[in-house]
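There are 2 protein chains.
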Amino acid sequence: MAGQSSRTHLVIAVILGIICGFVIGILIGALAINDSDPETNAAYERSIREADSSISKKLMETMESYNIRENLKHLTENPHVAGRKYSKELAEWMQERFKDWGMTSADILSYEVLLSFPSEIKGEENRIELLSETGNVIFTSQLKEDSLGETALERDDLLPPFNAYSPAGIVTGKLVYANYARVEDFHFLTRNLSLNITDKIVIARYGKIYRGDKVRNAAEVGAKGLILYSDPGDYAVPDAKVYPDGIFLPGTGCQRGSTYLGRGDPLTQGYPAKDYAYRHSEESIADSLPAIPVHPIGYDDATEFLKRLDGNEVVSEWRGNLENLTYRYGPGFAGADINKEVRMNIYSSNVRGMAYNTIGMIEGEVEPDRYVIMGNHRDAWAFGAIDASGGTAVMMEVARAFCKMVDNGWRPRRTLVFGSWGAEEQGLIGSTEWVEEFSKNLGERAVTYLNLDVAIEGTYMLDASATPNMKQLVYDTAKLVKDPENTGKSIYDIWVERSQTKENEEPHIGGLGSGSDYASFLQQIGISAFDMSYTYDRVAYPVASYPMYHSVYETFYLVDKLYDPGFKFHLTTGHIMGELMRALSDSLIIPMSCVDYATDVEMYFNNLKSGEIGKRILEENVSLDEFESAVNNFTSAAAGFEERLSKVDKTNPIEIRMFNDQIMQLERTFVDPLGLPGRPLTRHIVFAPSSKNSYASDKFPGIVDAMFDIDNNPDVNKWDIVKQQISIATYTIQSAASSLKPYTGSA
Amino acid sequence: MAGQSSRTHLVIAVILGIICGFVIGILIGALAINDSDPETNAAYERSIREADSSISKKLMETMESYNIRENLKHLTENPHVAGRKYSKELAEWMQERFKDWGMTSADILSYEVLLSFPSEIKGEENRIELLSETGNVIFTSQLKEDSLGETALERDDLLPPFNAYSPAGIVTGKLVYANYARVEDFHFLTRNLSLNITDKIVIARYGKIYRGDKVRNAAEVGAKGLILYSDPGDYAVPDAKVYPDGIFLPGTGCQRGSTYLGRGDPLTQGYPAKDYAYRHSEESIADSLPAIPVHPIGYDDATEFLKRLDGNEVVSEWRGNLENLTYRYGPGFAGADINKEVRMNIYSSNVRGMAYNTIGMIEGEVEPDRYVIMGNHRDAWAFGAIDASGGTAVMMEVARAFCKMVDNGWRPRRTLVFGSWGAEEQGLIGSTEWVEEFSKNLGERAVTYLNLDVAIEGTYMLDASATPNMKQLVYDTAKLVKDPENTGKSIYDIWVERSQTKENEEPHIGGLGSGSDYASFLQQIGISAFDMSYTYDRVAYPVASYPMYHSVYETFYLVDKLYDPGFKFHLTTGHIMGELMRALSDSLIIPMSCVDYATDVEMYFNNLKSGEIGKRILEENVSLDEFESAVNNFTSAAAGFEERLSKVDKTNPIEIRMFNDQIMQLERTFVDPLGLPGRPLTRHIVFAPSSKNSYASDKFPGIVDAMFDIDNNPDVNKWDIVKQQISIATYTIQSAASSLKPYTGSA
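Going down the list, the sequences are from chains A and B.
For the first sequence, my numbering assigns the number 495 to the initial residue and increments by one for each residue that follows.
For the second sequence, my numbering assigns the number 495 to the initial residue and increments by one for each residue that follows.
The following block holds chain A by itself, in its conformation from the complex (with noise of 0.2 Å):
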């Protein structure tokens, strides 16, 4: 037994040590493995590691609309415009904020830009008047808009109503009434009423089209200056509320704004304008600023020159919503006052100033020299409480949160920027700057710009526009964010029911044009980007902006007592633009579809072919067929790339970054370098500003401007320009294509 007994023991021993042997040797294997180089394989490991998409709601969480709100209030404690006294001062509390919260970077990067203001000096305010026949002056619009009782709005450091780079000079005229100076507005007073606009002044009411554009096309017709105003028909509803008891624009509201037509400082076209940035003349540089007076008004002032117009009755479309006025065409004034005229008197002048953008960053974990860029522009005409100092608050909590969660452990994956950039206003000045600076980088490490000007413009849905790649993204992310107002729905719901979307349809998501930020990111650079605002109900509401745009009465009083008590819509828009871009910094595959861009390509294609732009082309015999070929091997490029991605390994990271870098740089292959026709630095092939509104975004807009009224066009190589365009178009798309190709065999 005990022989037994020994020799059991002596197996039971044996097993045990082999067992405790085996458990240790296997850790010690393991650790050894694994310890041998612990950062090789930590590195290594964080660079395949899925996103941690718990930490979507986290974010969300950490997001206060109370901060917002505190946040909103500082910003719009004093007008700050680029180039005034509270601009550089709200830059550097940022830039502590950034620093505060622990950014890895946040710095103040200055550009000395042509920037433009009324006159200060007694008498020389700018102003409209109305002259009697012996030249006396029987009326004069308001200098400055009513305070309407609020002792802030009488401050001395508020801009009065003006038109940026307004040349100055005092021209007196007969008035005409040219709707809202549209080409195909001054056409119809020429073409259809033979009418003579040369040494006219014109009246114009704000809506439908760029205000720089309106003046161009004034200037164009031999219009000797341009009177702006903002009708009750596109900015206030019958019988609504106006300021201070709604948000209705009152009378006396009166919308600033720029009127130059290109963008960034207009001295320094495609270059930073540093302290070595050379200097081009205004003489050189005035085709992309207004050639004549161009003065803004509002509705009460207007009405005094718009009653008293002789001429015929205006068409339908052309009617506002004034009282107690037969809108007419003009030329001159009716009746009592036909030897009345108008005198415009602008004192206005160009001077150079600062415009500083506050940068902070966050460097991603994985791959830093990968960018995915939030901005924002922090100047305001006045207070700018919606334009776009909402936007500014909403973006600060955003980046307060994302430093929250980086002091909690987490790390995005690529770095995240956020850009606050001055003396937007005047022409998208301090981004396109900043851009110019930083072009080659941008290019080549930039992921997205998801822009934030106006956060709320109102509170029924959302309004988004992105490059087609961004679409989905868009969408997923609206699944995710709670309707604020507790209904349980999510945002992305909301909007399908408000936008009374189709069934099998999404939501529509609109094209870029150039009306903020993201411009030049997408025109000079190509980078993919997005812009939204929470908006109002255009049906209900058809007006041509939130009302107060631009006003005075922008103030912390019309957001927080009748925009958005509470906050709750701001900090939605906080939601998307934090779920957004941590989607984009941290997903191992950036979530930018390539197929979607594709798609909608080829939509912009059908539409262009079956349109009236396609059905004149073709009438002429000229050939969309290699374009169309174009377009079709974007679309199975896509859908092979998209195959391919799918079979990723997602345990190789240099194989994770190849893809993620076909995904980012296929917006830049829709970048021309040698630019638009005359217009050398808008350089996106399928999308670009409309060259007759700078707001809006034409497709294919090199084709879309040189089929233009083609048939009234008198140039003889019209047609050799539409075909030099479809070649461009065809060829931009194929290097779009070829982008999405397995990388070698070329044919």
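No wet-lab data here; the hints were simulated from the structure.
Hints should not be assumed to be uniformly reliable.
Identical chains blur together in the list; that is why a pair holds if it fits in one copy or across any two.
To be verified - The list that follows gives simulated cross-link-like pairs (lysine-lysine, DSS-like), each with its CA atoms no further than 25 Å apart:
id, residue 1, residue 2
1, Lys768, Lys1217
2, Lys582, Lys593
3, Lys768, Lys1103
Given chain A, put chain B in place with the hints provided.
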């Protein structure tokens, strides 16, 4: 004892058990980790593997001079100018070889481009005639080069001497001699000698500058035609043997060549000449084509004209080496010949024809989306045994050797690309169309472009040109390649000795102009580039180029019997190109030095500042301070980059890739999409072909051009243009600096 023994046994058994279990455990533990995802670790391990440097030697040993000779024999069997019979055959022959050798892909990419040919109609032979005063032809230049007894040179399908793109025309006039027809030569004639060149026919010798620049210069001073001839002073050596007894130019030899001033298909500038391309009219691109007839002759013919010239005897620098001849300026003839005139009869025409590129690729194992490109042009004016079929023969052997290495189990980290270009001779057309077609992919993916046009034009030493970041790699490579003369030295040693390099210096590596196919890679995209030949002793033989350049005498015989019997120098060029490709495609860190780039830029700046240009700029009180500070910033950014690079975590493939991306992209930062003034497709701000001589490379060409002859420039804005160019150079260097700085923190 038993107890004792059994306890001992027990202990031993347990210990053995533990050890046994331990060992097995360690093995299992280690293997389990390794085996948990074997592919993972294979891909990961490969992605951080250092290049196997033993491949160097194997690769060189795989190349055989015999194969190069066989290749050249085949390539030079027939004339193979672009657009004629053997052009496509050879492209296909190369494609077949590439396929046979097992390349990942081998494609032919074709473009329909504007070419130029002499007329084939009897009586329409291009020629220069001497006319009697009654208009009778008393002398006619040779209609084709003498075969010198070689029947192959009598073939009908050989193109006679002509200058491509010369307009057709018959012009008669008095002759003026203009030395090399440089700007300064014409200045001398018109300013110093007050000679009126209007309506004269100019005769000038080949050499010093690109022939296209000569025609432009002659046309600009009003000449009605230009005769180019090869002077024995530039293409022969006194008493040295001429072809077929030696390598020097016989009096019947004649230099063909293009006179086009652009790059790439003249009709589709900036875009590939595909089916869908819009083609400009020849009139609209007239600036880039010669405005007056131009024709090349040999020195036997030239003597007939030069010996009759009237006027003063030329200054000594204008004197060539024609015997029994006094070089005179003209105008017109002297003595008995006073009423004789010269008539140029040119019947060439521009026609559309095909350019074929054969593109072979060997896909990289780790980073297939990174391209190391070797290129050579396949077309030749006649047999092209030197220019550039020698290079083609070598490239094929390099390609074959790489395929062999792949057969043997090796794969480069990055993709190898072999580009065989068509229509280089007409104006770098094939390579430019390819660069244009794939500009986006190349901008994103190309590590470097290695050019081999003329492989050997002598057997004396290496002649290399490169972007500065490639220089160290070129020296390192030259040290690895053995002198083919079996001296036991390296070709680096030979280079140092024969170029009389000073101690502590390196042999000279030149800048890149526009003489060969690297130009569009460098100028349109900003791809780092290298170009080389094995060259002759330029001190002993001060010829303008290898003497048989572009003549019909560039035969297989010339190379096989006179230049490189045994082809060992050809093999040497293969060793250099192969090793460069290997190092660039397989090294973990791309062996291109950012510090060397900064060092050279600093030197260029200092040379500019201390030279004539800088002195004149400072005299005018134009500041170079900001420019200097940008240069210093670049230098310190490069140093910082190298410091960080030296600490790269070589176990982190993403970190490796990020550093490599910066190394690769540095060259891109020098490219300005807006281009140089008047040269929208010549975009490199640091190097560009001199606008006065396309063969040469200017440093800071924008500034150099703006300063050219500034004191005689009547433009009132001339100093503004200088300031603007200094500002653009400053911006560009700041961009380069910024690209090398850490990814976050932009101040």
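- Task: State whether the alpha carbon distance between Lys768 and Lys1103 is at most 25 Å within one copy, between copies, both, or neither.
- Result: For Lys768 and Lys1103, the Cα distance is within 25 Å only across copies (22 Å; inside one copy 45 Å).
- At 25 Å max between alpha carbons, let me know whether Lys768 reaches Lys1217 within a copy, between copies, both or neither. between (40 Å within a copy, 14 Å between copies)
- How would you label the pair Lys582, Lys593 (within, between, both, or neither) given a Cα cut-off of 25 Å? within (16 Å within a copy, 64 Å between copies)
When held up to the earlier numbered hints, the structure conflicts with none and fits them all.
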